[in-house]
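Q: The chain contents come next:
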Amino acid sequence: MNWQAIALSLKLAASVAGILLLVGMPIAYWVTFSRWRWKFLIEAVVALPLVLPPTVLGYYVLVGLGPRTFPGRLWQSWFGHTLPFTFGGLLIASVLYSLPFAVQPFSAGFETVDRGLIEASWTLGASRLGTFFRVILPLSAAGAITGTVLSFAHTIGEFGVVLMVGGNIPGVTRTVSIDIYDQVQAANYGAANRTAVLLLLFSFLVLSVIYGANRRALSLWRKR
Amino acid sequence: MSLEVAIEKQVSGFRLAVEFTADGAPVGLLGPSGSGKSMTLRAIAGLETPDRGRIVLHGRVLFDSARRINVPARARRVGLLFQHYALFPHLTVAENVAFGLRRLPGPERARRVGQQLAAAHLEELADRYPASLSGGEQQRVALGRALAVEPEALLLDEPFSALDTHLRGALERQLRETLGAYRGSTLFVSHNLEEAYRVCGELVVLARGSVAARGPKEEIFRHPPTLEVARLTGCKNFSRACRTAEGFVQALDWGCVLRVTQQFAKPPEHVAIRAHHIRLHAAAAPGRENVFPCWLAAITETPFRVTLDLRIGGPPSGPADFHVQAEVFKQEWDAFRNLPQPWQVELAPDRLFLLPD
Chain B
28 MNWQAIALSL KLAASVAGIL LLVGMPIAYW VTFSRWRWKF LIEAVVALPL VLPPTVLGYY
88 VLVGLGPRTF PGRLWQSWFG HTLPFTFGGL LIASVLYSLP FAVQPFSAGF ETVDRGLIEA
148 SWTLGASRLG TFFRVILPLS AAGAITGTVL SFAHTIGEFG VVLMVGGNIP GVTRTVSIDI
208 YDQVQAANYG AANRTAVLLL LFSFLVLSVI YGANRRALSL WRKR
Chain W
24 MSLEVAIEKQ VSGFRLAVEF TADGAPVGLL GPSGSGKSMT LRAIAGLETP DRGRIVLHGR
84 VLFDSARRIN VPARARRVGL LFQHYALFPH LTVAENVAFG LRRLPGPERA RRVGQQLAAA
144 HLEELADRYP ASLSGGEQQR VALGRALAVE PEALLLDEPF SALDTHLRGA LERQLRETLG
204 AYRGSTLFVS HNLEEAYRVC GELVVLARGS VAARGPKEEI FRHPPTLEVA RLTGCKNFSR
264 ACRTAEGFVQ ALDWGCVLRV TQQFAKPPEH VAIRAHHIRL HAAAAPGREN VFPCWLAAIT
324 ETPFRVTLDL RIGGPPSGPA DFHVQAEVFK QEWDAFRNLP QPWQVELAPD RLFLLPD
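Order-wise, the sequence lines are chains B and W. What the first sequence shows, in the numbering used here, is residues 28 to 251, in sequence order. What the second sequence shows, in the numbering used here, is residues 24 to 380, in sequence order.
One should not assume that every hint holds.
Just the calculated beta-carbon pair ranges, DEER-fashion [to be verified]:
1) Leu49(B) with Pro128(W): 23 to 33 Å
2) Arg64(B) with Gly278(W): 34 to 44 Å
3) Arg64(B) with Arg91(W): 57 to 67 Å
4) Phe160(B) with Pro128(W): 33 to 43 Å
5) Phe60(B) with Glu200(W): 35 to 45 Å
6) Gly129(W) with Leu49(B): 24 to 34 Å
7) Glu242(W) with Arg64(B): 22 to 32 Å
8) Phe60(B) with Gly82(W): 31 to 41 Å
9) Pro94(B) with Gly129(W): 50 to 60 Å
I should point out that these hints are in silico values taken from the structure, not numbers from a laboratory. Yeah, the Cβ is synthetic: ideal placement off N, Cα and C, and Gly gets one too.
Looking at chain B on its own, in the form it has when it is part of the complex (with noise of 0.2 Å):
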């Protein structure tokens, strides 16, 4: 069992998730309640990874984040070194990778809650950041899991753009999918196995754990 690469794969997912919920929520919130008439130009292309192969998107990002662009040549220049084949940038594609399973939950979830309740919260004197924390994040909670959820194990699962950008440093870019992978082609089928089945439980596991505990969540204030 390759614990390193398992520890490597939680704490990508645990960054990227905790990323997203940072930069997923302003994103979806202006998603949601914006009335710009090109809105829908960038709603496609948060959702654009959704549907362009990971290699596509590892590609331009490997090329964008690489010493020839300024951004790259920015990032070398304070951390002295470049960006791909780093957890850095491993972190910022698979973060890129997960935009929409992140930001179409959370979305989705604000668009549950009732005009109204914003306006009566403005008209109470709440300010648009207060009405957001008192009455669009608790009620849209659901929505704020699930992305939360999607977005860590959309990274569990990643492998495309793991492989394009971070290559396969073990203990840096190294993750589980990735192990599994060169398990196989080493046929070292049962060690393949026996990490696959451990990834298998533990997404189920979490994914069960935190649907039910958000079900719970939900009833709560209905029921009294």
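Put chain W on the given structure of chain B with help from the hints.
A: Frame of chain B; chain W shown alone:
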């Protein structure tokens, strides 16, 4: 305390252009659905932006298109009671009432919440969630929540429309009491004229986005300025009219000449009378004016009153062939129903009113 409103806004389907002032006593905003009542309230609360105009609350400019002032809803200090109350489902009754009091220190916040809960008789429900409350209780929570922040104006958007009829009477009395103690300006939106009449001192009648009448309620009901306002205030009987002599008009649709007491500067277009002002007599009534023979075309019964569709001057050809509708009590109707027709209908001169157009 005064609220001055003069705004214009292009809404899909019509142009909203209203102008009125509300002082101490509650002002009723009356009009059919789609006349712009709710849009007006939302503009005052800061939830809609007018295209043009000014909104001034107690000397404070909330909106002025010329000076590019548009105070956001949260800073307007305008309380809005939503039609469906908009209570926060994830907060208890007490938390809902406390929602707007975030910035107050704890003890003061608790005092205000306690005060509102007591005033609305909600103390026992303080820890309940809105989903478990009745419609009337929800309305009281919403009103308490709006008043807890001590707004300078209170806007009520059809506060009884979501309630069962039997709940309305008691709640309306309670609301009148609450409004009596409230010191800010109150606007009460309704499409129910009797409700607006009971709650408010002054009325602003809206029709298709503009003010059709405004003033003391008695004045508007006694002398509606236009046909439309007369209709909106519940008048059912109209006839085209032309002046025949000093103090007389010919009612063209009713086929009779009527003496009227109302002075008119402009030639009247219509003569009108309210259904409950029409009187019936079994036989000729000497000494009374504007009495004509009439025949019954149809009747509509409600538990205590009867509406009679009457034709003046000759028997009707069918149930839809009538001139005026008279509303009488059941007892009166019982005394009449078996008497031979024609009966005599009296359109008393001081009950008739004339409408220019």
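Q: If a hint holds in the structure, say so; if it does not, say that too.
A: Hints, one by one, checked against the model:
no., hint, verdict
1, Leu49(B) with Pro128(W): 23 to 33 Å, "32 Å, holds"
2, Arg64(B) with Gly278(W): 34 to 44 Å, "60 Å, violated"
3, Arg64(B) with Arg91(W): 57 to 67 Å, "23 Å, violated"
4, Phe160(B) with Pro128(W): 33 to 43 Å, "21 Å, violated"
5, Phe60(B) with Glu200(W): 35 to 45 Å, "39 Å, holds"
6, Gly129(W) with Leu49(B): 24 to 34 Å, "31 Å, holds"
7, Glu242(W) with Arg64(B): 22 to 32 Å, "48 Å, violated"
8, Phe60(B) with Gly82(W): 31 to 41 Å, "33 Å, holds"
9, Pro94(B) with Gly129(W): 50 to 60 Å, "57 Å, holds"
Hint violations for this structure: numbers 2, 3, 4, 7, all remaining hints satisfied.
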